[in-house]
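**Q** Listed below, chain by chain, are the residues.
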Amino acid sequence: MMFERRATMATLLADRPKNLFLVPGLGSCTWDAFAAGDDDRNFYLWGAMGGAAMIGLGLALAKPNARVAVVTGDGEMLMGMGSLATIGVQKPKNLSIVVFDNGLYGETGMQESHTSGGVDLLEVARGCGIERVMDIADEAGLKELAGLLATHEGTLFARVRIAPDDPPRVLPEKDGIVIKDRVRRAVEIATRP
Amino acid sequence: MTAISDREPQPWQDQLFEVLKGADIRQVGYVPDAGHSRLIARCKADPDIRDVVLTTEEEGIALSAGAWLGGQRSALLMQSSGVGNCINMLSLIRACRFPMLMLVTMRGEWEEFNPWQVPMGSIVEPALKLCDTHVAKVEQPEQVVPAVQNALQLAFGDDRSAAVLLSQKLIGRKVWVK
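So the protein lines, in turn, are chains G and F. Residues 99 to 291 in the numbering used here are what the first sequence spells out, letter by letter. Residues 25 to 202 in the numbering used here are what the second sequence spells out, letter by letter.
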């Protein structure tokens, strides 16, 4: 099944617990996150391609009582593929990485990515030692994933096959200092004992 | 002058650990280098410091940003060649004004056996400066602690990127084992 990206992001965040922090990869995933509703717990990325999963790891290690979800595209994940090895070694209990995989570089004119050329990120994640690896096949699977973002005790990797569409852009705050400061404050508030 | 080897622990390496510990550094990302081996071993042995081995140095920039979002201070350890791998990711630090502390062991500048280390080693300082990173270069053991203390102040007091370059004069000649 191919999922519509905006609806998928909305489903993943529908019953978001107050301690769930989101690191959306640059470009479409950041627009998707903002379209689902602006939130102080979203660390919107406008750059740092290849870095989303590692930002998630740093936050997850710093705050074991926060939940961290990285939701990023196949192109962004491919650029930071080594970070799956790093995360596989660290195995934080509170980190999920979700790849919206349409096999395309959406922001640059829909050129094919490596996942269109046979590279399977699920196998990469498994090979890196990530314990729970999921291929989301249907709406029930997506709802299960949404629940696991809040509850799974371990590191999780999920692939969601996304239809190759390009919904209108909706742009969140662009000032990196503002984005950083508000996420940092939100982390502090959400993880107070 | 007696030639030192990069395999022998130097007192400044333990002092460096104590400075990081005293500054409440809680995550240390690294791609190993012989000159950092003592520091890495000390970090691994400390239950309050999370050591994160990286596949490439740019991962450590993003790791530090995440750690700071979670309220923790971090440091990135690497060899000079790794600086080249960090350039674009340092945009994250500058765009968001994250604190960023980098400790760089130099290659390609003094008694260098391997000429392939020279191209990157020779441009580390200007490259970091172009990335809006404060750079201090240390060649004497007694300069290590004050230089790192100053870099800590710049990074975490001024929310910016600061690097300390640890010279090959300090670390010693790389030991080549056949």
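Keep in mind that the hints were calculated from the coordinates and are not lab data. Beta carbons are placed, not taken as given, at the ideal position from N, Cα and C, and that holds for glycine. Check the hints yourself; a few may be wrong.
If you anchor each label on the Cβ, the simulated ranges turn out as follows [what the hints assert, rightly or not]:
| hint | chain 1 | residue 1 | chain 2 | residue 2 | range |
| --- | --- | --- | --- | --- | --- |
| 1 | G | Glu205 | F | Lys153 | 29 to 35 angstroms |
| 2 | F | Pro71 | G | Gly252 | 47 to 53 angstroms |
| 3 | G | Gly215 | F | Asn138 | 34 to 40 angstroms |
**Q** Each of the hints needs a verdict: does it hold here or not?
**A** Now the hints, each set against the structure:
1. Between Glu205 (chain G) and Lys153 (chain F), the C-beta spacing of about 30 angstroms keeps the proposed range 29 to 35 angstroms intact.
2. A C-beta distance of roughly 21 angstroms is found between Pro71 (chain F) and Gly252 (chain G), which places it outside the suggested range of 47 to 53 angstroms.
3. Taking 34 to 40 angstroms as the suggested C-beta distance range, the pair Gly215 (chain G) and Asn138 (chain F) conforms, at roughly 36 angstroms.
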